[in-house]
Amino acid sequence: MNLLDWIVLLGTMVGIAAYGAWHTRHTDHLDTYLKGSRSMRWGTIGISVMATQASAITFLSIPGQGFESGIGFVQNYFGLPLALIIVCAVFLPIYRRLGVYTAYEFLGQRFDAKTRLLGAGLFLLQRGLAAGVTIYAPAIILSTVLGWRLDLTILGTGLLVIVYTVTGGSLAVSLTQKWQMAIIFGGMITAFLILIARLPHDLGPGGALHVAGAMGKLQAVDFSLNPDKRYTLWTGIFGGLFLSLSYFGTDQSQVQRYIGGAALREGRLGLMFNALLKIPMQFSILLLGALLFVFYQFQPAPVFYNRVEWQHYASGPNGATFQALEEKHAARHAAEQEKIRAWLAARNRHDALAEPAARTAMLDAQAATDDVRQEARAALLAIDPRAKTKDSDYVFIGFILDQLPHGIIGLLIAVMIAAALGSKAGELNALGTTTTIDLWRHFRPLAAHDEARNVRAAKWFTALWGIVAVAFALFAGFSENLIEAINIIGSIFYGVVLGIFLVAFFLKHIGGTAVFWSAVISQSIIFALYFLRHRFPVLDFSYLWYNFIGCAACVGLGLVLQMLMPSRNHTKKI
Amino acid sequence: MKPPPDSAPDDNSPGVPGFRTWRGVYLFVFIVFVLVVGLLALFSRLFA
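Heads up: the protein sequence lines correspond to chains P and G, in order. Residues 1 to 574 (the numbering used here) make up the first sequence, in order. Residues 575 to 622 (the numbering used here) make up the second sequence, in order.
Same shape as in the complex, but just chain G (with noise of 0.2 Å):
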């Protein structure tokens, strides 16, 4: 048998300290995504 699906699926709350919604979760993963190939490009450029 199926289980019941989400009541809210959308559900804007990731309960996650710090953010209030999934849009900021979002957000911070993005920020550090950018970070984190500014980072490697800097670490080429160090040791080229």
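Chain P with its partners taken away, still in its complex shape (with noise of 0.2 Å):
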């Protein structure tokens, strides 16, 4: 990066939180505090249920997952515009009727308060376990590949969305996640028309394609029942709905993104803008993957995309083995781009005699490669047992990197830092609300009548998961596995508390007793379904599954203890 790099980053960073720390300055009522400003129309709240979901993350691994493994993944997201649906028809008019601040506030009115303390420890819980990550994870990569200290790029990152969040609230959010997403929209349009213009010449868009789909990395749906397989058309939808019905409809941290605004409509409109995008920005992001995949089939392409990791084993005793490594794979790839350039020639000139033996032959040289880099892994590892092998998510940014010009580089960076600011902001704003609403104000009820006061402690509640989630980020060491580790939480948790909202929602004659010590026996299955699975190989299934169970056995157990409950009135008007 040079001046001109950097110039543009901090320029848009510290540009936006100031802007969004400015005009919320004197935000001073709970209301704009907690839920935004009641002018707040439905563009405003799409963009900020974009942001919240899209962290750093999605723009840098999503396009090593469409390089890796094709573009598949985007079957993850088919049950998301279902779940939207349900939440605009079902959700969303009950929170807006009652004039909640937060998701689990729903819950004490429908049940009574240890459902919503339940509700909302949970929640803490899996999003305060969850919170050093969204830091953590894109610093660690941008750390690496730009040479910056990771303390001082989390320390940096961290204070920044700190400060905006604790001034201005969930309004400030909004407001800085807006323009973020302006950001992150242009700049990955700018990647991606530079990526095409980059292309072979003799190749264009139309045949780095074929390409592409000739070697398997474009099949977007897969009609396939075969429970072995991660992503298909039925897990996506199934699967999908119930995260995503999880996701935008008990999470706070998006929640809180909707209740606000004018009126019910901007709501639901907000969210009826994020069914139809997500999935065409989804398979957008995937397919600038998929090209990246083409784009180096016909460029000198590096055994291992994380250089310096690569760099700093290479250089090390071992030094040799890497060496010969490099050279096999540059010989493999060499024959495989020839390989590519004569199937391109059968089909062009319609050969349909040597076309398939062609595409036979272009798929064994590119086994040959995917060899090659099977084996710099294994080097990896042999050398060092904890060395990171996962690579993918470092080939975007060293595409940006190598590939773009100056100011442009700046510009991307401030995408990944843009995004992982945005979804940083709505965790934290959510965490503080649910502090301040569930448990300060439940266990200080006299406090609620002092405005002042409980935005007082909204702030600070806000900045002290600012400053958890930083010193989490700092000092906890984390691995890829944690980060895995992270989704594993949530899974953990988020079957029961879709499981109570469902009860919530559509079981009325189920009451408050009946439905907590369901959640409570819910969450102790999974709990011994996860800790007891290398004890018993039956139980070690994926860990998706215990979204389903854990919802399944609340809304079962639940329907059971109601019916052998003392018969008396529980549903209560909602």
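It is worth saying that the hints were derived from the structure and are not from the lab. Heads up, the beta-carbon is just placed ideally off N, CA and C, and yes, glycines get one too. Careful: at least some of the hints might be erroneous.
Restraint ranges, calculated between C-beta atoms of paired labels, are given here [said to hold, decoys possible]: (1) G:Val590 to P:His534: 49 to 55 Å; (2) G:Ser587 to P:Arg349: 55 to 61 Å; (3) P:His534 to G:Pro591: 55 to 61 Å; (4) P:Ser542 to G:Val608: 23 to 29 Å; (5) G:Pro591 to P:Lys114: 44 to 50 Å; (6) P:Trp545 to G:Gly612: 25 to 31 Å; (7) P:Gln299 to G:Ala622: 22 to 28 Å; (8) G:Val590 to P:Ile189: 25 to 31 Å.
Combine the two chains into a complex, taking the hints into account.
In structure tokens:
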């Protein structure tokens, strides 16, 4: 990065944060601080919902996913539009009608105080544990590639987001997210256009798509019923519906984004905006990754895309092994390029006899190159069992630094940091709000009447969660496995929380005591399944199933417990 | 202080040109979703 990149990067990041903090510096009403301005329109809400979900990892990892495994990951989002329709039709009107600040406040009104505390507690535990990762995950990649100090990267981004989130609350989060998303869209479209322009001239975008398709990168929809396949139309629709309903309907970091606004209509349209745009957006980012794959077929490509880590080990005593792997990869990569050109030539002259054989030769050459990449990963692990061998996250950032002109590099780094700040801001805002409304005000009910004191408490709690997140990121010593562990933690809690809300919305005869104990028992079952999975191999299934099991157990046990309990009028009019 | 809750939370007029009810909006979003999945399937087949 040169001076121009730094000017673009710091100018956009500090400028947006200062804009958000300045415009919301007089936010002293609790409603505005926690829900945002009552004049917020659907566009701002829609962008804010999108920015909270799209973290920096979305823009670093998803192109890598498209590069490595193709665009089939887009199916993961197929349940999202359906879930958002349900949230619009059922969840949102009730939240708005009750005028709640948090989703868990609704549980208090529908059931009782203990169920509300349980819901809020599960959210704080899950989000609090994940809090450090949203800062740490992009920081580790950016600091590795750019040579920045990791601690300063975490502190810089962490403190920036704390300042404007604490100052302006929910309104500042939404205002800044609007501009951050503008930077993100502008930067990603620029990168896409430059990538298209850098493809070989005799290939063009159409040829590149045919190469990507022939090499298995463009299967967007898989109708297979094979349960071993992770991404299919069916897992996307059913699993995705389940996860999205839980995330958008019950996670305060999302609920807070859409319960504010001028009217119910604005929240609904903001969510429908996401329902329409999310799949095309994720498809575009994945397609960028698939086209990066084609781009690197016609360019000298590294054997391992995390070049800093590769160099670190290659400059050690085993340097000869690494150099031999680099040479082997370069030779196979050149052979693969030759086979691709042979296939393209056969295809362009419509040679029906030569084309299938050329395609097979091309795929064999691709497999041979992939074998060397596997050997490279094995070589890294042989030297250091803790070496990070997942290099696909570094493909897009490597392209940015190698291929884009100065100024645009600064813009694209700003994209990554803007995404990190946007999602982090939504998260801190939700943690601060839930702590204030569902815990602090619950235990200090007299304080609820002092609005200024409530705003001060919300600011302190938001700052506190920000400091916890930064400290966690600085001192926890994350690894890639820990990042996956955070996803596992989310799945452990999400199912039960969704179960509580589904009972609240759809099973009106079930009361607070029944749902509280069913949730406690269900959560215990999930904990037992998780902790006993190594002792009993039959329990060692994918953690994604915890979402379904937790929800089904919570609803089912709720029904049973309600039947066993003495008959009383449990239903509150909501 | 809490703001007054929505007076007509189930207001059935989305205020979007061409749509008289929210059901119409949801149906439109669902149809677009089906169309997008269909186009993605077509895209997969075209470049397979």
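Status of each hint after checking the structure:
1. G:Val590 to P:His534: 49 to 55 Å: holds (53 Å)
2. G:Ser587 to P:Arg349: 55 to 61 Å: holds (60 Å)
3. P:His534 to G:Pro591: 55 to 61 Å: 58 Å Cβ-Cβ, so the 55 to 61 Å window holds.
4. P:Ser542 to G:Val608: 23 to 29 Å: holds (28 Å)
5. G:Pro591 to P:Lys114: 44 to 50 Å: For proline 591 of chain G and lysine 114 of chain P the Cβ distance comes to about 47 Å; the hint holds.
6. P:Trp545 to G:Gly612: 25 to 31 Å: Since tryptophan 545 of chain P and glycine 612 of chain G have Cβ atoms about 29 Å apart, the given range 25 to 31 Å holds.
7. P:Gln299 to G:Ala622: 22 to 28 Å: Holds - the Cβ-Cβ distance for glutamine 299 of chain P and alanine 622 of chain G, about 25 Å, lies within 22 to 28 Å.
8. G:Val590 to P:Ile189: 25 to 31 Å: Since valine 590 of chain G and isoleucine 189 of chain P have Cβ atoms about 27 Å apart, the given range 25 to 31 Å holds.
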